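Visitor: Kindly produce the complete structure, drawing on both the sequences and the hints.
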Amino acid sequence: MGDEARHDRASERPPAALAVGVSKRYGSTVALDGAGISVAAGETHALVGRNGAGKSTLVSIMTGLVRPDEGEIAFDGGPAPRLADREAWRGRVACVYQKSTVIPGLTVAENLFLHRQPTTRLGLVNWSALRRRAAELLAEWDVSADVHALAGELTVEQRQFVEIARALSGGARFIVLDEPTAQLDAAAIGRLFARIRELQQRGVTFLFISHHLQEVYDLCDTVTVFRDARHILTAPVAELSKGELVAAMTGEEVTAASGHLRERQADPPPEAPPVLTVEGLTLEDRYADVSFAVRAGEVVGLAGAADSGRIELAETLAGLRAADAGTVEVDGRRPRPGDVPAALAAGVGFVPEDRHRQGLVPDMTIADNTTLTVPDRLGPRGLIDVRRRDALAREMIDDLAIKTPGPGLPVSGLSGGNQQKVVMARALANRPRLLVLVNPTAGVDVRSKDFLLGKAEQVADEGTGVLIASDELDDLALCDRVLVMFRGRLVAAFTAGWTDNELVTAMEGVHTDA
Amino acid sequence: MPDSTVVEAPEREPGARAPRLLGGRIPIARLREFALVPAIVVVAIAGWIVDPVFVQRQNVINILQTMSEIALLVLAQALVLIVRKMDLSLESTMGLAPGVAAWLTVTEAGQGLDLLPGALAVPVTLAVGVAIGLVNALLIVRFGLSGFIVTLGMLIMLRGTLTGISGGQTFFQLPSSMSYLGTTQWLGLPASVWLCLTLFAVGIAVLGYTSFGRSLYAIGGNEDAARAAGIRTHRTVAIVLVVAGLLAALGGLLLSGRLGSVAAAQGDGAIFTVFAAAVIGGVSLSGGRGSLFGAFTGILLLFMIQNVLTLGGVPAEWIDALNGSIILLALVMSRITTGKAQD
Numbered sequence: 001m002g003d004e005a006r007h008d009r010a011s012e013r014p015p016a017a018l019a020v021g022v023s024k025r026y027g028s029t030v031a032l033d034g035a036g037i038s039v040a041a042g043e044t045h046a047l048v049g050r051n052g053a054g055k056s057t058l059v060s061i062m063t064g065l066v067r068p069d070e071g072e073i074a075f076d077g078g079p080a081p082r083l084a085d086r087e088a089w090r091g092r093v094a095c096v097y098q099k100s101t102v103i104p105g106l107t108v109a110e111n112l113f114l115h116r117q118p119t120t121r122l123g124l125v126n127w128s129a130l131r132r133r134a135a136e137l138l139a140e141w142d143v144s145a146d147v148h149a150l151a152g153e154l155t156v157e158q159r160q161f162v163e164i165a166r167a168l169s170g171g172a173r174f175i176v177l178d179e180p181t182a183q184l185d186a187a188a189i190g191r192l193f194a195r196i197r198e199l200q201q202r203g204v205t206f207l208f209i210s211h212h213l214q215e216v217y218d219l220c221d222t223v224t225v226f227r228d229a230r231h232i233l234t235a236p237v238a239e240l241s242k243g244e245l246v247a248a249m250t251g252e253e254v255t256a257a258s259g260h261l262r263e264r265q266a267d268p269p270p271e272a273p274p275v276l277t278v279e280g281l282t283l284e285d286r287y288a289d290v291s292f293a294v295r296a297g298e299v300v301g302l303a304g305a306a307d308s309g310r311i312e313l314a315e316t317l318a319g320l321r322a323a324d325a326g327t328v329e330v331d332g333r334r335p336r337p338g339d340v341p342a343a344l345a346a347g348v349g350f351v352p353e354d355r356h357r358q359g360l361v362p363d364m365t366i367a368d369n370t371t372l373t374v375p376d377r378l379g380p381r382g383l384i385d386v387r388r389r390d391a392l393a394r395e396m397i398d399d400l401a402i403k404t405p406g407p408g409l410p411v412s413g414l415s416g417g418n419q420q421k422v423v424m425a426r427a428l429a430n431r432p433r434l435l436v437l438v439n440p441t442a443g444v445d446v447r448s449k450d451f452l453l454g455k456a457e458q459v460a461d462e463g464t465g466v467l468i469a470s471d472e473l474d475d476l477a478l479c480d481r482v483l484v485m486f487r488g489r490l491v492a493a494f495t496a497g498w499t500d501n502e503l504v505t506a507m508e509g510v511h512t513d514a
Numbered sequence: 001m002p003d004s005t006v007v008e009a010p011e012r013e014p015g016a017r018a019p020r021l022l023g024g025r026i027p028i029a030r031l032r033e034f035a036l037v038p039a040i041v042v043v044a045i046a047g048w049i050v051d052p053v054f055v056q057r058q059n060v061i062n063i064l065q066t067m068s069e070i071a072l073l074v075l076a077q078a079l080v081l082i083v084r085k086m087d088l089s090l091e092s093t094m095g096l097a098p099g100v101a102a103w104l105t106v107t108e109a110g111q112g113l114d115l116l117p118g119a120l121a122v123p124v125t126l127a128v129g130v131a132i133g134l135v136n137a138l139l140i141v142r143f144g145l146s147g148f149i150v151t152l153g154m155l156i157m158l159r160g161t162l163t164g165i166s167g168g169q170t171f172f173q174l175p176s177s178m179s180y181l182g183t184t185q186w187l188g189l190p191a192s193v194w195l196c197l198t199l200f201a202v203g204i205a206v207l208g209y210t211s212f213g214r215s216l217y218a219i220g221g222n223e224d225a226a227r228a229a230g231i232r233t234h235r236t237v238a239i240v241l242v243v244a245g246l247l248a249a250l251g252g253l254l255l256s257g258r259l260g261s262v263a264a265a266q267g268d269g270a271i272f273t274v275f276a277a278a279v280i281g282g283v284s285l286s287g288g289r290g291s292l293f294g295a296f297t298g299i300l301l302l303f304m305i306q307n308v309l310t311l312g313g314v315p316a317e318w319i320d321a322l323n324g325s326i327i328l329l330a331l332v333m334s335r336i337t338t339g340k341a342q343d
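The listed protein sequences correspond, in order, to chains A and B.
Per our numbering, residue 1 is the first one in the first sequence, and the count goes up by one each step.
Per our numbering, residue 1 is the first one in the second sequence, and the count goes up by one each step.
Quick caveat, the hints were computed from the structure, so don't treat them as lab data.
Quick caveat, the model's predicted, so the values are computed rather than measured.
A virtual CB, placed ideally from N, CA and C, is assigned to each residue, including glycine.
Be careful, since some hints might not be right.
To be verified - In silico contact screen, one side only, chain B against chain A (beta carbon under 8 Å); selected entries:
| no. | residue |
| --- | --- |
| 1 | Thr210 |
| 2 | Ser215 |
| 3 | Ala225 |
| 4 | Ala229 |
Guide: Below is the structure:
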């Protein structure tokens, strides 16, 4: 598929970006140890590695935000500019970060030409020229966003496209995408990939960072693996099996027989009583007339795109939202709708969609975070017995294998995988009868993913009902049953033995009459 | 997953296009600036019903003149808020800057030292404003201290300094240069009204049409992104703080000129009105949002309402209680009209 031609063409030119022997230390931590990467011009190059492998540090160095202790950076065969010369860096490399770098209160047009607005002869900002050039720029790169819209009102997808267009307008033809798919649903990811391929055809080089190995196979030409601050291997994607790739990332063999991380081992007890019964649940604009049940010891998947209503439904079960109609019955009780303490008391454990926003208080300690949901277990009458709290936290740290020197560390100091384990610990702290997980493995490394799913399975084996609201196939593979939502309605149900294709098609709503 | 379905889905989420008026020329977002205009019209009509004097030329000029001094503080505070800082010390600057000038130029009969000729009073006032701004900038930008606490400390210290140099008394018999701007008329309007309107107009132009002005919004909206775009964020914030000090000093000069004296308590408590006007006018306390036009309508509305209450014969003792209620009411109104939670 033109791969040959592309590689031939690439070999004539110097690499679009080259890092050699780069080292960086932060205090006693070695973030990069003589690592390097060579990104050939015109290719899409994947950079993978577990959390803490040194990917982010390399990106900071290659985008000129951080000075390496040792090593050289070059673009198109020429040495990297001085760190202070932002203009020159902008002409060579741009990064679309996971964290937004648009200014929410300004329009799209203004964001595109920030600090380089076209001016009139009087030196004033020429707004009509600015808007025209912004519209031209977006049209040139085929981005459909309104230049008048405030950047803060864009969807994540549009924002990424706008940031890519801004990067290209600065002259850079080498773009780093730092986990661009983390907050996108499957359809948006498809559109992003289509766009990346188009731009690649037009000579743009990408460095693509992702936790999703499938995306690496779907999109990239070459893959580089980092582990423990070192470069491990670089190889054409086509020549590397998924097993080999995971082995390179983890440093040990992982059996990925079915292609999925983990599948349910035990069968759920067939006649177990339901722990969750949902009847005719409806929330305006979000979901309508949803009915299903989860039995004790069962793992049920709730699949669907990000806008399918599955997240809102999960949040309703956790008491974050109140439905307009219908009932939720947890373990024989009906918690007051829209009341989180009532849901907790009824036995609902909840892992929210976004751990940064809803899951954690970053500057509070692990002990405080894990016990946030169970104040009554910490001491009488609202007082907190510090020793009891720390003991409880230690129990959970052991239980979830959270890597930390102790319960007193602020969670902001943990890696993404370990932070997610803290969120999970918090959900498990009140020994739930029903565990509701929304995207439980988003943005965590392969090992933590495996561990978190294993934990969910273990909890189910102990008789808790588990509901996983996710569009991640690895998460859904664990489930005994998968219910699919599309535009707010349950449209399909699969029992074990579904194929990825069937499920994805149902999530995209292709087969339905909705 | 068939690729074709993906590629042929250029359709974005609904709501991608921002709502607009007038054939799409004016985005709704920009209309927030004018959110208070209907309220101002309503108050004007109410005032006219309460007492027809309200809409007479002399009363309108009176409103504009009495608000002009504090409006300069609102202008200063709006600039500072847009870069996501706060300056509480403005009200003390408003007293201390003309206070120092009076102290140095006024004769002993007027409580001063009589060290400098009266002609230097205005430059001294402005220089004190700039100096206070520089100290704020040094502590906040250079040393990275919390702007709220720094300027709170400055507020107390500057007020205390004024009380100290004046012995708690009032400076009077000000040199004519100091009272000029507060008392003179240009083309039938008080000079302070001209100055206030001109400075707001300049501010609106700078914020709307210069790269420097736009960088204030960028810094307030996302400082990291602003820095990445090549904006010298520290220097810009420092400039804003210095300009704010200068504007507060000028406001103080106008006020002392109009009153013909500098009281030890000049400007005391004004900061609450200043914040209220800015926030009612749509300037966000969390930075990056708001306009000077909005801030101007905020202070105008507050003064119009006060004026209506006075004309309506509300006893002076109740004005403060009503002022507070009006501020709260205006916040509720702007919450309803903008539809966004405030912070």
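Visitor: Hint by hint, note whether the structure agrees.
Guide: Taking the hints in turn, this is what the structure says about them:
With a cut of 8 Å, the hint placing Thr210(B) at the interface with chain A holds, because the nearest CB-to-CB distance is about 6 Å. Given the 8 Å rule on beta carbons, the hint for Ser215(B) holds: about 6 Å separates it from the nearest Cβ of chain A. Because the beta carbon of Ala225(B) sits about 4 Å from the nearest beta carbon in chain A, less than 8 Å, this interface hint is met. Of the supplied interface hints, the one on Ala229(B) holds, with its beta-carbon coming within about 4 Å of a beta-carbon of chain A, less than 8 Å.
Going through the hint list in order, the structure satisfies each hint without exception.
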